[in-house]
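S.K.: Take these sequences, add in the hints, and give me the full structure.
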Amino acid sequence: MTQIALAPHDQGHRTSRRTTTGTAVEARGIVKHFGATKALDGVDLTVQEGTVLGVLGPNGAGKTTLIRVLSTLIRPDAGTAVVGGYDVLTQPRQLRRTIGLTGQYASVDELLSGHENLYLIGRLLDLSRRDARARAAELLERFSLTEAAKRPAKTYSGGMRRRLDLAASMIGRPRVLYLDEPTTGLDPRTRNEVWGEVQRMVGEGATVLLTTQYMEEAEQLARDLTVIDRGRVIANGTVAGLKAQVGGQTLQVRPADPAELPAMVRCLTEAELPGAAVAADPEHPDRPGLLTVPITGDEQLTAVICVLGSRGFTVAGIDTKVPSLDEVFLAITGRTTTPTAAAGDPADRKEQLG
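Going by this note's numbering, the sequence shown runs without a break in its numbering and finishes at 844.
Hints were generated in silico from the structure; no laboratory data involved.
Treat the hints with caution; some may be incorrect.
As the list claims (entries may be wrong) - Okay, the calculated beta carbon distance ranges per label pair:
#1 A749 with R713: 43 to 51 Å
#2 G695 with L820: 31 to 39 Å
#3 S647 with E709: 24 to 32 Å
#4 A806 with E762: 20 to 28 Å
#5 L614 with L579: 20 to 28 Å
In this text, a Cβ means the ideal position worked out from N, Cα and C, and glycines have one as well.
M.R.: Laid out in structure tokens, this is it:
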């Protein structure tokens, strides 16, 4: 399913739970079982209005199940969630009017043309004929589908169907947009186009909940990150904050004479700049060639350089290194984003096996 917004508009059921605190999505204690499998085990989640929250996790972590709960596709076994001011359990019809959803698989009507798919969604969202046509044309152009607009979707490539599916989720300008691994299978140019559209929507006030296994995607789009593993939230924070937890910034110094490395370490230790160590040369891993020093800011970086210079060491090169999100993820979960054995989320497991 692409766009969940088919219920009649019902102003009379809007309640005082309408968001007034700047929170677009708030979930507390969400639990969901599939037989003996606990896909979600007490998940708490908060997404501020006008931001992108990246939800990271390996296959089977529970990401897709969480999206399905928050979009009213399945009911949680326990817990509460409010999206756009509406309760997922008691106000699902009103909630669906505020959200858009792009799932892991493109879901379009293959017998209709690209334009007809988008026009249909627009009309179902109560847009006038004129507005639905205009919005469809606008999104077809944004996603480089104008030339294929009149062709049946069954003639589209996989990447084109994915772009059409993403356009359909955006046609109603939803206040909250769920993107469940939206750029899987897309080429780099199309992925950048999708990122641009997401950033445009956020700039216009939309809120995005993004699940992804592309660390670059999370870093490009998300302000805050939540890491889920085995149905539980195991880490929250900004991109920079999570990197700092893992180890922060490292200064890498290449001496002109590698034989001076042990003396450099002793020098920095005596100067109360602890943590200095000899690391392997990245160009020649079989031999040491770098001095690595963890640093917490520019002052410490300057201090290291000053100490080495004052002791007469000659430096051939200096660089700083920040942990990548891949390294952060591995440090937090102890495994990569694509493990060989999935656990937790049947929807994720189906993707991996299929």
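S.K.: Evaluate each hint against the coordinates.
M.R.: Verification of the supplied hints:
In this structure the hint that A749 and R713 lie 43 to 51 Å apart at CB holds, the actual value being about 46 Å. With their beta carbons about 35 Å apart, G695 and L820 fall inside the hinted range of 31 to 39 Å. Remark: the range hint 24 to 32 Å for S647 to E709 is upheld by a beta-carbon distance near 28 Å. At roughly 25 Å, the beta-carbon separation of A806 and E762 lies within the given 20 to 28 Å, and the hint holds.
For the pair L614 and L579, the beta carbons lie near 24 Å from each other, so the given range of 20 to 28 Å is met.
The structure meets every hint from the earlier list without exception.
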